[in-house]
Structure formats: structure tokens, C-alpha cells
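> If you want the building blocks of each chain, they are given just below.
Protein chains: 2
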Amino acid sequence: MILKSQVEWALHCCAILSGLPEGRYLSTKALAELHGLPKEYLSKALQSLSQAGLVHTTLGPSGGYRLAKPAAEVTFLDIIEAVEGNGRTFVCNNIRANNPCRPEGYCEVGSCAIARVMWEADEAWRTKLRSVTLAELGQVLESEIPPQIWNGTFEWVLDRAG
Amino acid sequence: MILKSQVEWALHCCAILSGLPEGRYLSTKALAELHGLPKEYLSKALQSLSQAGLVHTTLGPSGGYRLAKPAAEVTFLDIIEAVEGNGRTFVCNNIRANNPCRPEGYCEVGSCAIARVMWEADEAWRTKLRSVTLAELGQVLESEIPPQIWNGTFEWVLDRAG
DNA sequence: GATAATAAGGATACCATATATCCTTATTAT
DNA sequence: ATAATAAGGATATATGGTATCCTTATTATC
Chain W
-15 MILKSQVEWA LHCCAILSGL PEGRYLSTKA LAELHGLPKE YLSKALQSLS QAGLVHTTLG
45 PSGGYRLAKP AAEVTFLDII EAVEGNGRTF VCNNIRANNP CRPEGYCEVG SCAIARVMWE
105 ADEAWRTKLR SVTLAELGQV LESEIPPQIW NGTFEWVLDR AG
Chain Y
-15 MILKSQVEWA LHCCAILSGL PEGRYLSTKA LAELHGLPKE YLSKALQSLS QAGLVHTTLG
45 PSGGYRLAKP AAEVTFLDII EAVEGNGRTF VCNNIRANNP CRPEGYCEVG SCAIARVMWE
105 ADEAWRTKLR SVTLAELGQV LESEIPPQIW NGTFEWVLDR AG
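Chain order of the listed sequences is W and Y. In case it helps, the numbering used here puts the first sequence at residues -15 to 146. In case it helps, the numbering used here puts the second sequence at residues -15 to 146.
Rather than coming from a laboratory, the hints here were simulated on the basis of the structure. Wrong hints could be hidden among the right ones.
Which copy is meant is left open, because identical chains are indistinguishable; a pair holds if it fits in one copy or across any two.
The list that follows gives simulated cross-link-like pairs (lysine-lysine, DSS-like), each with its CA atoms no further than 30 angstroms apart [said to hold, decoys possible]:
{"hint": "1", "residue 1": "112", "residue 2": "-12"}
{"hint": "2", "residue 1": "28", "residue 2": "-12"}
{"hint": "3", "residue 1": "28", "residue 2": "112"}
Since the structure is predicted, the reported quantities are computational estimates derived from the model, not experimental observations.
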């Protein structure tokens, strides 16, 4: 059970976009080049972010993407669900209903106890991811990445941002 | 990102095994019939449980499976990891290393901040699943399932247990 | 001792999905 | 008018989950 690599891509792209000055846009091409990713396929992930309303786009030359909301209002979970969907990791197929000892026509009331535990674990996962915003990520990155690389990267980015 | 259905199967099978009297064994055939599952494929999941040391097996007629430990010492996470593996849901491909602005030969120190957040979420998921044992599940099931069905099921099971 | 039922596991096939590429269309800055 | 962009449809490939079949070793029962 592994998340799509598009999730990783989307998170890194959003991290970059959150450092973009107001009103500027960054293209798929630049984001792909910056991360060493296939442009066409990365485009699908960015489209997912757009459809989820997390980023805003413009067309034409100098077009691209910017965050649609302040970085403090975009969580990891928002981004992950935009790309991966918001389904649960555990799907209950209600196999208890196959029990041959059940009376004919017996109908389950309530959810399966096993599924409930699994869904609580899913919710713990979500809760953690909902608690971290792009703004917080940006602070950590800025404190961890050597200033030379950090600044150099944003020079590179602004050079290409419309 | 969905867990294999074998995880669901293994959890339900372990729930049944945890209600089995000391020294009795239940076969793949009975477990498959009880849950309406393909016997041969369910067998793979049970083999995973066996390889993980969660269940003990015997061969020959009247052979089958029993828990290898008290139900209070077997957690949801034990069972899930036996079937699904213990890998993380987020794989970090270190795409930050593709940044063209990095100095030649620059080597990352420490893990990626994005990966760390994802792994903390994974750990929250694990922590929840590690906190629930088969013994606790058994108590919930016994309190929720109508006594007629609960008892009928274990009559059915004991009828087939070696 | 013969028989039958079982777990273990290898081989194979099928199918859904993730990954990846290519192409067309509409939009828009230059 | 031109060129660069996002959006998205179509298609191909790789991987992994699902499922079945078969063989082997073990062992309870007759």
C-alpha cells in the first residue's frame, strides 16, 4: 500500500509555489525541470490540484500555477487528497454477511467492528496530515536548506515565473 | 491507496481463531467457507500469518491453524504487517536532489522535511493499530453480535475444528 | 500399511491501476 | 500572427493484486 509518486511530486511543487511572490505563476515545464520529473505526467498531478481548487492557473506564455489560497490555509491532507482521492485505506466488504450460520434474510445493523478500528487508524493518519500546513513546511525548509541553495533555487524560479 | 483484501480476511480469520479453545485447530477450508472466500487464495494470507509467527499450524487431517500467542498479545498491526508488509505508505524518492541549482557533488544531510511529515502520519496510523488487540476485538464482537449468531457460529466452528 | 485430508508453496493467468507518452484544443502574452 | 501555455483525451507499458491449479511433505484415521 504505497501512495502514488504523484503525491510526492504535488507536495514538492506546492512547497515551491508557496514561496512564489504574490501574482507570479510557475509553469509545469519549470516545475518538472526543477524536480527532474516527466513534464507531461507531472501535468496530470497539477491538473488534480487545479480541480481541487488548491492552485490557480493562467494560460498562454508566462502562464502556469500559483497557490489559490494562503500557504497557511493549505494542508498536507488537502494536497494528498487532491491527487490520491479521499477514500479510506481499508475497504470493508462485509464478509461477515457470508457467515452460513446467519438466519436467512438477516440484515446487519451498524458497521463491522474490525472496519471501525481500521477507519479510526485512517482518521489518525488524516488528523496528522491535516495539522501541517504549507506555511509550516516552508519555515522548516527555509531553516534546513543551506541558504545558498535556498536562495539560488528561488532566483532560478523567479527567472522562469510569469 | 487501498490495503489488500487479504488484510480484511486475515483480521476476520484471527478474530475467529482467538475464540477457539486451547489446543484446537481450524482449517483453511472452514475459514474460507465461514467467510465466503476462495480457499486457495485465502491460504496465502494464512501462510503469511504463519511466517510471521502469529499462528501455529498442524498438518494432516484435523490440521489447521490456531493463534501462536494469547489474543491479548496480538495486535491489529501485527496482522496487517504480516499480510501487507511493514513498508511506509510514503516512499521518498529524494527528488530534491534533482534541483539543478545544487552545487555539483552536493550531498543531502538528513531526511526530506516532506517525507518526515508523511512518516509521522504513518506512525500515527501504526500507533492506533498497535493499540488494539485481538482480545479487545473479541470483547467488542461478543457484545455486538446477537448471541444466537455468535454461539451458532462457534458451534459451527467447533464442529469443524481439529 | 494404505488412505485421505491437510499446510506449504511454486507456476501461471487475469485484471486493475500506476506510470508514461503523444496528440489536439483553447487560451493568451508578445 | 506567432509561440507558449493549461487542459484533457487516447494509448501504451509496467507493476502488483487477485485467483486458480498443481505438486510435495506431513499426519490422523481406518
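> Against each hint, give a clear statement of whether it holds in the structure.
Here's how the hints hold up against the structure:
1. With identical chains, the CA atoms of residue 112 and residue -12 are at most 30 angstroms apart both within one copy (19 angstroms) and between copies (23 angstroms).
2. Taking CA atoms no more than 30 angstroms apart as the test, residue 28 paired with residue -12 passes in both settings, with 12 angstroms inside one copy and 26 angstroms between copies.
3. In this homomeric assembly, residue 28 and residue 112 come within 30 angstroms of each other (Cα to Cα) only inside a single copy, at 26 angstroms, whereas the closest approach across copies is 33 angstroms.
The structure fails none of the hints (numbered hints given earlier).
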